[in-house]
Amino acid sequence: MPYLTRTKAATAGTDVRTGLGIPGYAHPLLAPTEWGELTRPGTPLHWVVLNVADGPGARPDPHCLEAAGRLRNAGVRVLGHLDTMYGARGFAEAISDARRYLDWYQVDGFLLGRCPAERAGLLEIRRTVTTLRALRDDAHIVLGHGTHPYPGYAENADQLVTFAGPWSGYRWSQAAEWTADYPPERFCHFVHGVPRGHLDEALRIARWQGAATIYFTDRTDRGGRTDPWESMPGYWDEIVSRIGTGVSE
Numbered sequence: 002m003p004y005l006t007r008t009k010a011a012t013a014g015t016d017v018r019t020g021l022g023i024p025g026y027a028h029p030l031l032a033p034t035e036w037g038e039l040t041r042p043g044t045p046l047h048w049v050v051l052n053v054a055d056g057p058g059a060r061p062d063p064h065c066l067e068a069a070g071r072l073r074n075a076g077v078r079v080l081g082h083l084d085t086m087y088g089a090r091g092f093a094e095a096i097s098d099a100r101r102y103l104d105w106y107q108v109d110g111f112l113l114g115r116c117p118a119e120r121a122g123l124l125e126i127r128r129t130v131t132t133l134r135a136l137r138d139d140a141h142i143v144l145g146h147g148t149h150p151y152p153g154y155a156e157n158a159d160q161l162v163t164f165a166g167p168w169s170g171y172r173w174s175q176a177a178e179w180t181a182d183y184p185p186e187r188f189c190h191f192v193h194g195v196p197r198g199h200l201d202e203a204l205r206i207a208r209w210q211g212a213a214t215i216y217f218t219d220r221t222d223r224g225g226r227t228d229p230w231e232s233m234p235g236y237w238d239e240i241v242s243r244i245g246t247g248v249s250e
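Okay, so the sequence shown: first residue is 2 according to my numbering, each after it adds one.
Keep in mind that the hints were calculated from the coordinates and are not lab data. Built from N, CA and C at the ideal position, the CB exists for glycine as well. A hint or two may mislead.
With beta-carbon atoms standing in for the labels, derived distance ranges [stated by the list, open to error]: (1) Arg71 - Ala121: 14 to 24 Å; (2) Glu67 - Glu178: 16 to 26 Å; (3) Gly198 - Asp139: 18 to 28 Å; (4) Arg73 - Arg134: 11 to 21 Å; (5) Tyr87 - Ala135: 15 to 25 Å.
All chains should be modelled from the sequences, with the hints used to inform the complete structure.
Here it is, written out as structure tokens:
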């Protein structure tokens with residue numbers, strides 16, 4: 002099993018509590034149950050991504066304002082979604098979106114979606130992150146690579162998404178050797194198509210690869226035709242009870 006090779010991370014992460022990072026549910030009008038579940042007591046959330054309309058939208062959305070407010074009142078960190086288009090998006094446009102997220106939704110940080118992973122893209126991402134921290138000095142920054150990036154990215158964010166994809170790829174994945182130099186709270190894994198019967202295996206992979214923030218779902222992307230993160234997994238209560246303090250019925 003390839004994921005059993007990263008023993009250093011497993012040793013370093015024995016005291017780290019695994020929690021959920023929500024990549025971004027559908028709009029609260031389309032997914033009211035999902036957003037409502039996020040404020041249930043005992044839900045082990047590290048953060049929730051707010052993606053109004055491929056970004057903050059053109060104007061404040063009252064439904065998203067309400068959803069974000071409930072999360073903040075519950076002590077949950079809310080991150081605005083910024084699409085970097087693998088480095089092709091203009092710096093000024095991304096920062097403009099960030100300002101709107103801060104002004105309208107008082108977000109606690111940002112997830113930079115489709116973040117480049119190559120060394121060539123690092124300088125521009127560093128510039129973006131530096132500017133985001135100037136806008137809010139305590140901003141929580143997550144770089145959404147979806148794969149293991151050039152190691153230098155780890156010095157420019159609070160967390161890196163080093164896997165985002167299907168269970169068929171995750172179960173045979175391996176962590177890059179350089180990640181063993183960092184604690185598990187620096188890494189996130191998003192996995193779709195995880196069968197209920199393989200939840201324990203998926204959690205073991207995350208633990209051995211040293212990722213403390215996870216999101217597993219049985220939803221799939223149907224060959225790239227749908228977004229598997231938009232709705233709640235069918236085993237939501239089960240995964241919450243396994244990694245958190247349990248949920249009440």
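Hints and how they fare:
| no. | hint | verdict |
| --- | --- | --- |
| 1 | Arg71 - Ala121: 14 to 24 Å | violated, 41 Å |
| 2 | Glu67 - Glu178: 16 to 26 Å | violated, 45 Å |
| 3 | Gly198 - Asp139: 18 to 28 Å | violated, 41 Å |
| 4 | Arg73 - Arg134: 11 to 21 Å | holds, 20 Å |
| 5 | Tyr87 - Ala135: 15 to 25 Å | holds, 24 Å |
The structure fails to meet hints 1, 2 and 3 from the earlier list, while all remaining hints are met.
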